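Residue numbers (this note's numbering), protein chains in the order written: chain A, 1 to 200; chain B, 1 to 188.
Simulated from the structure, these hints should not be mistaken for lab results.
Just so you know, not all the hints are guaranteed correct.
As the list claims (entries may be wrong) - Think about it this way: if two alpha-carbon atoms lie no more than 30 Å apart in a straight line, the pair counts; the simulated DSSO-like pairs of lysine-lysine are:
#1 B:Lys157 / A:Lys116
#2 A:Lys178 / B:Lys157
#3 A:Lys178 / A:Lys116
To be verified - Facing chain B, according to a computed beta carbon distance under 10 Å, are these residues of chain A, among others:
#4 Gly65
#5 Ala66
#6 His137
#7 Thr158
Bear in mind the structure is a predicted one, so any value in this text is a computation, not a measurement.
The C-beta atom is built at its ideal place from N, Cα and C for all residues, glycine as well.
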Amino acid sequence: MTFDKYVAAGAMIGFLTVMAVEPALAHTGADHGAGGFATGFLHPLLGPDHVIAMIAVGLWGVFLGAPAIWVLPIVFPLVMALGGVFGMIEVPLPSVETGIALSAVVLGLCVALAAKPPLWMAALIVGAFAIFHGYAHGAEMPVASDAVSYALGFVVATGLLHLCGIGFGSLARWPAGKLAVRAAGVLIAIAGGAFLSGIA
Amino acid sequence: MWLAPQGAHAHGAIEGVGDFYAGLLHPFVVPAELLALLAIGLLIGRSGLAACRLGIPILAGAMAAALASAPAITEAPDMTIALAAAALVSAAIVTTGLRAPRWITACLAMVAGLAVGIDAAPEANSRFAALLNGAATLLGGVALVTIIAALGLRAEKHWQRIGTQVAASWIVASAVLYLALQLVSSTR
Numbered sequence: 001m002t003f004d005k006y007v008a009a010g011a012m013i014g015f016l017t018v019m020a021v022e023p024a025l026a027h028t029g030a031d032h033g034a035g036g037f038a039t040g041f042l043h044p045l046l047g048p049d050h051v052i053a054m055i056a057v058g059l060w061g062v063f064l065g066a067p068a069i070w071v072l073p074i075v076f077p078l079v080m081a082l083g084g085v086f087g088m089i090e091v092p093l094p095s096v097e098t099g100i101a102l103s104a105v106v107l108g109l110c111v112a113l114a115a116k117p118p119l120w121m122a123a124l125i126v127g128a129f130a131i132f133h134g135y136a137h138g139a140e141m142p143v144a145s146d147a148v149s150y151a152l153g154f155v156v157a158t159g160l161l162h163l164c165g166i167g168f169g170s171l172a173r174w175p176a177g178k179l180a181v182r183a184a185g186v187l188i189a190i191a192g193g194a195f196l197s198g199i200a
Numbered sequence: 001m002w003l004a005p006q007g008a009h010a011h012g013a014i015e016g017v018g019d020f021y022a023g024l025l026h027p028f029v030v031p032a033e034l035l036a037l038l039a040i041g042l043l044i045g046r047s048g049l050a051a052c053r054l055g056i057p058i059l060a061g062a063m064a065a066a067l068a069s070a071p072a073i074t075e076a077p078d079m080t081i082a083l084a085a086a087a088l089v090s091a092a093i094v095t096t097g098l099r100a101p102r103w104i105t106a107c108l109a110m111v112a113g114l115a116v117g118i119d120a121a122p123e124a125n126s127r128f129a130a131l132l133n134g135a136a137t138l139l140g141g142v143a144l145v146t147i148i149a150a151l152g153l154r155a156e157k158h159w160q161r162i163g164t165q166v167a168a169s170w171i172v173a174s175a176v177l178y179l180a181l182q183l184v185s186s187t188r
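Could you build all of it, start to finish, from the sequences and the hints given here?
Printed below as a string of structure tokens:
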């Protein structure tokens, strides 16, 4: 790891530490009230269906290579935010939980099969599922909480889950690692199937 | 480190911290201010050295003017929406990877500076304490933007530029969600 990468890692840790600070209470609590970064950060982490789908996005990005490896983690939060807006304004979106579980199945299978569609198609698949994930977050976004911190918390958590996927997926440069990553894809698809069928 | 931070009470209400540090920490502990300053720092840095030379003094001047005019404002408006909007536009430009014209960068720096200055208006009891608090807020805000701009300016390698764009996309997503929530709250 070069010095620049240490600086970048340090900056990221510092950024997250600063964001972990509870909100300032000077403004009466109406605008910087309870909730905040930690609540938003934990929200995607406490939903196993969200977690496996986010990790699958990172894993698939590695298989697809550049530029998908960074396009997908940029596309996902942006489209997820759009989905969040749909959730807040209560745009009818059928079977949100089914869509989230299906995202784990489809993305898991894409990793397991090492599928390499064109970038636009991969972005379309990931973006479509991001709508469902964002919708669930947006619909559950607490109005009374510190909304800026909450939103930033769950966006950052989502991004870090992608990074976890990318980190694990980087094992794919070795044959045994590639097998492990594809096996992870199988497990994600099975877990998604369990959520989809209501077993889990 | 994750567990250590405690609830921060700005405007001199941070127990045992005093007016200076309360002001200094204000831009770091108020999420909307932090978001706007991070976004404007990234934008200024990614727009090049000339934009830094113009944008940082404009931001500092606007912040100073807003902080100085705080005593004249009887009831400071909530600037969170303005801060989120400034963060959204700035971060969206960085996410696209485009280099904004200097006048756009300057305008956004001015909006962000004014919004942060009004939002962080000192509420100290004495005039000296208010001055100390305001000066510290100015120092903290400008230092944060300068550091982020310097990091953005130095981001020359491919992975560094990508990292900048990913961070900016996170800011865009957060700002969109916040603004949507405000819109929904106001219509209900």
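Comparing the hints with the structure gives:
1. B:Lys157 / A:Lys116: Measuring from Cα to Cα gives roughly 26 Å; hence the hint holds.
2. A:Lys178 / B:Lys157: 27 Å, holds
3. A:Lys178 / A:Lys116: Holds - the C-alpha atoms of A:Lys116 and A:Lys178 are around 14 Å apart, at most 30 Å.
4. Gly65: 13 Å, violated
5. Ala66: Check passed: Cβ of A:Ala66 comes within 9 Å of chain B, closer than 10 Å.
6. His137: 8 Å, holds
7. Thr158: 8 Å, holds
Checked against the numbered hints above, the structure breaks only hint 4 and satisfies the rest.
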